[in-house]
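Enquirer: Chains A and B supply the protein sequences, listed in that same order.
Sequential numbering of the first sequence, starting at 1, is according to the working numbering.
Sequential numbering of the second sequence, starting at 1, is according to the working numbering.
Keep in mind that the hints were calculated from the coordinates and are not lab data.
Some clues are possibly wrong.
Below, a list of computed lysine-lysine pairs in the PhoX-like style, where the Cα atoms sit at most 25 Å apart [unchecked claim]:
1) K318/B to K115/A
2) K325/A to K32/B
3) K318/B to K316/A
4) K163/B to K236/A
5) K318/A to K115/B
6) K22/B to K325/A
7) K83/A to K325/A
8) K325/A to K24/B
9) K25/B to K211/A
10) K211/A to K337/A
11) K235/A to K235/B
12) K236/B to K235/A
13) K211/A to K32/B
14) K115/A to K25/B
15) K112/A to K25/B
16) K266/A to K236/B
17) K318/B to K32/A
18) K298/A to K38/A
19) K117/B to K32/A
20) K266/A to K228/A
21) K298/B to K266/A
22) K316/B to K115/A
23) K32/B to K318/A
24) K235/B to K163/B
25) K112/B to K25/A
26) K318/A to K318/B
27) K60/A to K316/A
28) K228/A to K266/B
29) K32/A to K115/B
30) K32/A to K325/B
31) K325/B to K25/A
32) K181/A to K266/B
33) K316/A to K316/B
34) K32/B to K117/A
35) K325/B to K24/A
36) K235/A to K163/B
37) K25/A to K211/B
Which chain B residues face chain A? A few, computed with CB under 7 Å, are given here [stated by the list, open to error]:
38) A30
39) T289
40) G293
A virtual CB, placed ideally from N, CA and C, is assigned to each residue, including glycine.
Number of protein chains: 2
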Amino acid sequence: MIHVAVMGHGTVGSGVVEIIDKNKKEVDAASKDEVCVKYILDLRDFPGDPHEDLLIKDYKIIVDDPEVDIVVEALGGIDLAYKYTKEALLNGKSVVTSNKAVVAEHGVELLKIAKEKNCSYLFEASVGGGIPILRPLNTSFRAERIEGITGILNGTTNFMLTKMDEEGCDYDDVLKEAQSKGYAEKNPEADVCGYDACRKIAILTSLSMGKTVHYQNITTEGITNINKVDFEYAKKMGASVKLLGLSRNLDGECMALVAPFMVSDKSPLYAVRGVFNAVMVRGNMLGDTLFYGQGAGKLATASAIVSDIVDCSINKGKTIECTWKDEEAVMADDSKKVFNYFIRVKKEAFDNLVKSVGIKEKVVVESVSDEIGFVSDRISEDKFLKAKEICSNSIINYIRILDM
Amino acid sequence: MIHVAVMGHGTVGSGVVEIIDKNKKEVDAASKDEVCVKYILDLRDFPGDPHEDLLIKDYKIIVDDPEVDIVVEALGGIDLAYKYTKEALLNGKSVVTSNKAVVAEHGVELLKIAKEKNCSYLFEASVGGGIPILRPLNTSFRAERIEGITGILNGTTNFMLTKMDEEGCDYDDVLKEAQSKGYAEKNPEADVCGYDACRKIAILTSLSMGKTVHYQNITTEGITNINKVDFEYAKKMGASVKLLGLSRNLDGECMALVAPFMVSDKSPLYAVRGVFNAVMVRGNMLGDTLFYGQGAGKLATASAIVSDIVDCSINKGKTIECTWKDEEAVMADDSKKVFNYFIRVKKEAFDNLVKSVGIKEKVVVESVSDEIGFVSDRISEDKFLKAKEICSNSIINYIRILDM
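The following block holds chain A by itself, in its conformation from the complex (with noise of 0.2 Å):
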């Protein structure tokens, strides 16, 4: 029998429990014993509920358990939720989560502990949702070298976008309803303003690179300045604006960055509409491929927490080793970030502003007439920063365009 211990009773949490009983078949005859709950942790009561009989409220009972194997961390946030899985895995209890946050912020040294007591740490929930990304990650590119990674990795303002986009509306119109939707937060902030697929890109990229890459170390843009003008630039273009988390392997050295983006219409990533997800993955050998499903919800978060339950199970009393090593990735400085931009400017400073940035050719939108929207030449970002300062009061929007 394999005991699983689940902190938090919410959405994700009871989402864990509920596969565990509703696919009961598959989980155990997969992890080659019977799987189940025996505690359920929460500081809130739920009278009534099916699984009542195993809330909790205090952790210590799961830490403490010699006969829990495996603790699920479905409490969000930070602090709390990094001390309980660290007494976990220092008591030989593997642990399994969704909270990229945790992960993003401590990943490396949990994984650490973990090896150290012969138990697991995986996170294959924290990153797309249901999409099974880390794992093949950590197996099937073993044997590349990857060069980039790609994705789409935050439903919401996939969400927004696709309705500006396709509906021509406005920012604040679709923050509204995506809001009503239940899709944002009131405090919109880790969502638009990229802190979201700022921590997922990290991740990806830590066990891409196979070290360790510090998401305070990503430049991070939102979404928050792309209006309704931007997308009628972009359908000249024949592409669509997408926030994107990016990194790319440059001879050793990582490049990463989570920033709105022009993205091609003949860019797989260009169909990946509403609040999906999808990671494009480019090894040397392999080219291109493509990861696509739902990034969020209830039992897809939950469905990748349990294939990793049910790894935890096959794999008791050794730890599944993940590429993501203590060592720190060496960030290229913005001298090797090399982009086209899509840059709108006020007409009096076009002529000088393409002085500085080439220009490969303008883009013509019939609703404007005071500015002058156009495409760069291919130039580093430092070299766009400095223009960029000098211009800063002529520059209505800049967007980056996905070369790959």
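Given chain A, put chain B in place with the hints provided.
Expert: Showing chain B alone in chain A's frame:
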């Protein structure tokens, strides 16, 4: 040291040797041992080949050499490939292949021998080329009840259908182009008649159901009847015509089919164009996940083989288990296969046909005058086949409509 023997020095086999050379650092690190190619089996001579010293002509050298750990079967064909694979497994050597014909025909027997001999039989490269799809089915989806698989599994026909869609070409012209580009064989039967896709969906379904699905039991229709008028209708329906391999788990019974389908532009499969492949997996908890990438090509296929070599290396002396078991899947009969059919019928037979199959909507294309195109009610395949038999001289073409 892990000793590998590569049987076949053609496109795929030489690609495997190339990746083991070029990605030596990654391959050895992932394998936790040095991986080295000891033999290359081919009846041909390759004077001047950098690996000329490894070439042998007698497979017995490989199966009798106790030092050989892993055999790559990249011979193609069935009989010899099966014989050599079996002997290698019986001698305790793991075998890795991209040979879908052998896997579909003899997979379950070879998996059984591998298990008895504590070695592995892996075939990630046999479906979807470089797309990691079999390993996720074997691992990430273990806790799911897989309800269905829908795949664009043949790059040649997808290239042809994409051309017909985008450029309004007719079948014979795109076939010639596919042949001149080397995508289609001189005898294109295996691709255009759906036989290749049929083997692949048989393998995918055997894994997803955990039972044996014989490819001979899968209804298989190719694309030879598809012409440019069908694409005019498809456009009116906001769809495109795709050759799909699909299977559904109907309360434990297996429904499987290879045929051209109308795929709506709302489906992520619609955006899969050219030689690319994609596989959509529906789990009962997870919902839909899509895997997309290069379905063929030297290095993509070889990369999938090398990822299997790595797996065999790490699991030396053990069997990597496969969900596919030696139990026959019960195949659903035609009364349980239910679709909407798009049907083109001669005007005079329309009323009569509608009496049998019902009508959801007419589809009007200006360029045709002596026929009527319409979508039937959702009806069972046996009902449709009966109606088709009665009206056979009047039905110009029919294409099932994808509803998942």
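Enquirer: Each hint: holds or not?
Expert: Okay, the hints, checked on the actual structure:
Of the pairs offered as hints, the one joining K318/B and K115/A holds, with about 22 Å between alpha carbons and a cut-off of 25 Å not exceeded. A distance of roughly 15 Å separates the Cα atoms of K325/A and K32/B; the hinted pair therefore holds under the 25 Å criterion. Restraint check for K318/B and K316/A: satisfied, since their Cα atoms lie roughly 17 Å apart, inside the 25 Å limit. Proposed proximity of K163/B and K236/A is supported: the alpha carbons are some 24 Å apart, at most 25 Å.
Pair hint K318/A plus K115/B holds up; C-alpha atoms about 22 Å apart against a cutoff of 25 Å. Of the supplied pair hints, the one linking K22/B and K325/A holds, its CA atoms being roughly 23 Å apart against a limit of 25 Å. Distance check on the hinted pair: K83/A and K325/A sit about 21 Å apart at the alpha-carbon level, within 25 Å; holds. Distance restraint check for K325/A and K24/B: the Cα-Cα separation of roughly 19 Å lies within the 25 Å cut-off, and the hinted pair is therefore satisfied.
With a C-alpha separation of about 15 Å, the suggested pairing of K25/B with K211/A holds against the 25 Å cut-off. Between K211/A and K337/A the CA atoms are separated by roughly 20 Å; this keeps the pair inside 25 Å, and the hint holds. With a C-alpha separation of about 21 Å, the suggested pairing of K235/A with K235/B holds against the 25 Å cut-off. Restraint check for K236/B and K235/A: satisfied, since their Cα atoms lie roughly 22 Å apart, inside the 25 Å limit.
A hinted pair counts as satisfied when its Cα atoms are at most 25 Å apart, and K211/A with K32/B qualifies at roughly 18 Å. Taking the CA atoms of K115/A and K25/B, the gap is near 23 Å; set against the 25 Å cutoff, the hint holds. Restraint check: the Cα-Cα separation between K112/A and K25/B comes to about 23 Å, which is no more than 25 Å; the hinted pair holds. With a CA separation close to 22 Å, the supplied pair K266/A and K236/B stays within the 25 Å bound.
For the proposed pair K318/B and K32/A, the alpha carbon gap of about 16 Å is at most 25 Å, so the pair holds. For the hint pairing K298/A with K38/A, the CA-to-CA distance comes to about 21 Å; that is within 25 Å, so the pair holds. Restraint check for K117/B and K32/A: satisfied, since their Cα atoms lie roughly 21 Å apart, inside the 25 Å limit. A threshold of 25 Å between alpha carbons decides the hint, and for K266/A with K228/A the separation of about 22 Å falls inside it, so the pair holds.
For a cut-off of 25 Å, the pair hint linking K298/B to K266/A stands: about 23 Å separates their Cα positions. As the CA atoms of K316/B and K115/A are separated by approximately 21 Å, the hinted pair is consistent with the 25 Å bound. A C-alpha spacing of about 16 Å is found between K32/B and K318/A, which places the hinted pair at or below 25 Å, so the restraint holds. Only pairs whose Cα atoms come within 25 Å are accepted, and K235/B paired with K163/B is accepted, the gap being roughly 14 Å.
The suggested pairing of K112/B with K25/A holds, with an alpha-carbon distance near 23 Å, which does not exceed 25 Å. Distance hint between K318/A and K318/B is fulfilled; the C-alpha atoms sit about 16 Å from each other, no more than 25 Å. Simply put, K60/A and K316/A have alpha-carbon atoms about 22 Å apart, close enough for the 25 Å limit, and the pair holds. For a cut-off of 25 Å, the pair hint linking K228/A to K266/B stands: about 23 Å separates their Cα positions.
For the suggested pair K32/A and K115/B, the alpha carbons sit about 16 Å apart, so the restraint of at most 25 Å is met. With a C-alpha separation of about 15 Å, the suggested pairing of K32/A with K325/B holds against the 25 Å cut-off. Restraint check for K325/B and K25/A: satisfied, since their Cα atoms lie roughly 16 Å apart, inside the 25 Å limit. Restraint check for K181/A and K266/B: the C-alpha separation of about 21 Å stays at or below 25 Å, so the hint holds.
Restraint check for K316/A and K316/B: satisfied, since their Cα atoms lie roughly 19 Å apart, inside the 25 Å limit. Distance check on the hinted pair: K32/B and K117/A sit about 21 Å apart at the alpha-carbon level, within 25 Å; holds. Restraint check: the Cα-Cα separation between K325/B and K24/A comes to about 19 Å, which is no more than 25 Å; the hinted pair holds. A hinted pair counts as satisfied when its Cα atoms are at most 25 Å apart, and K235/A with K163/B qualifies at roughly 24 Å.
Restraint check: the Cα-Cα separation between K25/A and K211/B comes to about 15 Å, which is no more than 25 Å; the hinted pair holds. Because the smallest distance between the Cβ of A30/B and any Cβ of chain A comes to about 4 Å, under 7 Å, the interface hint for this residue holds. Hint status for T289/B relative to chain A: holds, with the closest Cβ pair at about 4 Å, below 7 Å. Proximity of G293/B to chain A holds as hinted, the smallest CB-CB distance being about 4 Å (cut-off 7 Å).
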